[in-house]
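Chain order of the listed sequences is A and B.
Anchor point for the first sequence: position 208 equals 208 in UniProt numbering, and the numbering is continuous, going up by one each time.
Anchor point for the second sequence: position 37 equals 37 in UniProt numbering, and the numbering is continuous, going up by one each time.
Do not take every clue at face value.
[Stated by the list, open to error] Once the Cα atoms are required to be at most 20 Å apart in a straight line, the calculated SDA-like pairs of lysine to any residue come out as:
1) Lys11/A <-> Ala36/B
2) Lys6/B <-> Gly48/A
3) Lys11/A <-> Glu41/B
4) Lys11/A <-> Lys6/B
5) Lys11/A <-> Leu40/B
6) Lys6/B <-> Gln47/A
7) Lys6/B <-> Met115/A
8) Lys6/B <-> Asp44/A
9) Lys6/B <-> Trp119/A
10) Lys6/B <-> Val73/A
[To be verified] If you want the footprint, here are the derived chain B segments under chain A, 3+ residues with CB under 8 Å:
11) 5-17
12) 34-42
Hints in this document: simulated from the structure, not taken from any laboratory.
Here the structure is a predicted model, which means the values were calculated and not measured.
Virtual Cβ for every residue (Gly too), placed ideally from N, Cα, C.
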Amino acid sequence: MSIWEYANPVKFMRTSGAVLPWTVAGAAVCTVTGLVWGFLTPEDYRQGSTVKIVFLHVPAAMMAINIWVMMLVASLIWLIRRHHVSALAAKAAAPIGAVMTVIGLITGAVWGQPMWGTWWEWDPRLTSFLILLLFYIGYIALWSAVEDPDSAADLTGVLCLVGSVFALLSRYAVFFWNQGLHQGASLSVQSGERMSAVYRYPLYLTMLGFGLMFLSLMLVRTRTEIRRRRLAALQAREMRA
Amino acid sequence: MIELGKYAGAVMGAYGLSLALLGGLIWQTLVANARARRDLERQENRG
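Modelling step: build the complete structure from the supplied sequences, incorporating the hints.
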C-alpha cells in the first residue's frame, strides 16, 4: 500500500469518513479535559491566575505554525506531483490556521497587558506572528480571487513557500533576537527549564486536543472541498450535454 | 467557585474570546459541509 493512494478522492473520502469519529471524539475529550484541568490549576506566584491563559495561548500558537508547515508540505505535493486532494487539504487548513493565529495573538495581548503593561509590542515573535496572520489572510483571499482551481492551487502554493519563512521565523524568532519581551520556549526537553508538572500535564493534553481538533476540522473541510469540486464537475458536464 | 483574583477579567476574556472563535469555526465548518453534501446529492439525483 502506498501513501499516494489517498490522493484518490474516493479513497480519501472512504478513509477520512472512517477515521473522523475517532479524531472528533479524541479532540473533544482531550480539549475539554485539558482546558477544565488547566482552569482548575493553582495560581502562579508571579503571574497569578493569568497563567491559566497558557492552556489556550501555547496550543493555538503551536498549531498556527504547524498548520502552515502542513500547508507547505501539501502545497509541495501539489506543485511536484499534481495531486488535487493535497491542494484541497492545504486550502481547507488555511482558515483553521488563521483562527489559531488570531487566538494566539488575542490571548497573548490579553496576557501581556497585565504582565508586560502593554497589549502589543513590536517584539520579533509578536511581529512575525502578525505577518503570519497576514499571510494566512492573503492565502485565503488568493484562493477566492482566482477562478481556475489549478491556477489558484499553483499561486497559493508559491505564496505558501514564501510565507514559510515567517512561519519558521515566528517559531525561532526568540532564539535569533534576544531584545524582545516574549519569553523563550514554554516547554523544553532540558529538565532544568521545565515548567511545573502542575501546568505541564494539562498543557500537553490541550496541545494534543488542539492537534486532533485541527485534524478533524481539516478532514471535514477537505471533504467539503472534494464535494464542491465534484458538484462543479457534474454541473459543467450537464451544461455541455 | 474558582478564585481568579484581580486578573479575572483577563482570564475570562481570553477564554471567552477563544472559545467563541473556535465555536464559530466549528459551526461554519459543519454548515458548509452539510450544504456541500446536500447540493451534491441533489445534483447526483438529477443525473
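*asked:* Hints numbered earlier in the text: which of these fail when held up against the supplied structure?
replied: 4 and 10
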